[in-house]
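Peer 1: Following the hints, put chain V in place on chain F, whose structure we already have.
Those sequence lines, one after another, are chains F and V. Under the working numbering, residues 1 to 87 are what the first sequence spells out, in order. Under the working numbering, residues 1 to 197 are what the second sequence spells out, in order.
Label pairs and their calculated CB-CB ranges:
1. F:T39 x V:G60: 26 to 32 Å
2. F:Q72 x V:P118: 44 to 50 Å
3. F:E84 x V:L102: 37 to 43 Å
4. F:E84 x V:V140: 25 to 31 Å
5. V:A117 x F:A55: 19 to 25 Å
6. V:L61 x F:G75: 26 to 32 Å
7. F:G40 x V:V131: 22 to 28 Å
8. F:A38 x V:G147: 37 to 43 Å
No wet-lab data here; the hints were simulated from the structure. Positions of the beta carbon are idealized from the N, C-alpha and C atoms, including for glycine.
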Amino acid sequence: MGIGLYGLLITRNLIKLVIVLQVLVKMALLALVAAGYATGQVNLGQSLAVTVLVADTVVAVIGLALAVQVRQRLGTLDVTQLSELRK
Amino acid sequence: MLVYVALMVGAAVCAAQAVRAQKLLASVLWLAGVSVLLSIVFYLMGAAQIAVIELSVGAGLITVLFVFAISLAGDEGLEAPPIVPRSIAGLLVAFAVALLGLQILPFPAVEQAGATAPFAEVLWQERGLDVLVQLVLIFVGVVGVLGLIGHPQEAADELEEIEGGISDVVSHEYSPAGRPEPDGHRPLRPVDYPQPD
Numbered sequence: 001m002g003i004g005l006y007g008l009l010i011t012r013n014l015i016k017l018v019i020v021l022q023v024l025v026k027m028a029l030l031a032l033v034a035a036g037y038a039t040g041q042v043n044l045g046q047s048l049a050v051t052v053l054v055a056d057t058v059v060a061v062i063g064l065a066l067a068v069q070v071r072q073r074l075g076t077l078d079v080t081q082l083s084e085l086r087k
Numbered sequence: 001m002l003v004y005v006a007l008m009v010g011a012a013v014c015a016a017q018a019v020r021a022q023k024l025l026a027s028v029l030w031l032a033g034v035s036v037l038l039s040i041v042f043y044l045m046g047a048a049q050i051a052v053i054e055l056s057v058g059a060g061l062i063t064v065l066f067v068f069a070i071s072l073a074g075d076e077g078l079e080a081p082p083i084v085p086r087s088i089a090g091l092l093v094a095f096a097v098a099l100l101g102l103q104i105l106p107f108p109a110v111e112q113a114g115a116t117a118p119f120a121e122v123l124w125q126e127r128g129l130d131v132l133v134q135l136v137l138i139f140v141g142v143v144g145v146l147g148l149i150g151h152p153q154e155a156a157d158e159l160e161e162i163e164g165g166i167s168d169v170v171s172h173e174y175s176p177a178g179r180p181e182p183d184g185h186r187p188l189r190p191v192d193y194p195q196p197d
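Okay, chain F solo, but in the shape it has when bound (with noise of 0.2 Å):
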């Protein structure tokens, strides 16, 4: 977890954002299959972690999406240059 969060703070390239958002979410999905495996119901854990991945699939779709249109319509993929584009 603490190596996605490091990457989220360090990274300033769209398509490598969503490569550690996905880091960051597969702790997650471990965190929650290891506290089923714990109490004993690992089935809910599954079910649980079902709905994460989900979620997650689909921010992942949503957000390689937006980085081809914005590096086709902009010309880069650097966060830094995207957020000066508002001054």
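Peer 2: The following block gives chain V in isolation, referenced to the frame of chain F:
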């Protein structure tokens, strides 16, 4: 226990490499490695269903999507320094991890539940609302991607072209007298097709 530790260390190394790698493609492959190792951990924990889903979706579908997006957007690594200095980012993360550790350590002795329902029953009956939310999420995802990837102007131009073609055909095949009557009745007129010489 040793197997779990080895797999978790492997997953942590893959995750660190995914964050560190300069090339996006390498980063995606390290992420797929994290997914594979986590799915093995899930399987060992007895969560076979989520292990299969993680392996097929996390290591398969997501990797393909990333490779497709990288091929469209270009695999350019940014050499510029990060927004937050690495030392400050490291300190912040260490602080967050320490806070989390204070909250969850030492692990409380939890009571093991008795016989639990099978996965299908838990998912479809006990967590039925979650399934509905998943459906809504998938629908939102499809609509969002269509809105982002689709080209509305091109689609409008194509539609206009098709409509123009249809109106040309209709005006060619029906004489002006063949326009709809006020009551909506459209009398058919014979069509004068060109005769071969």
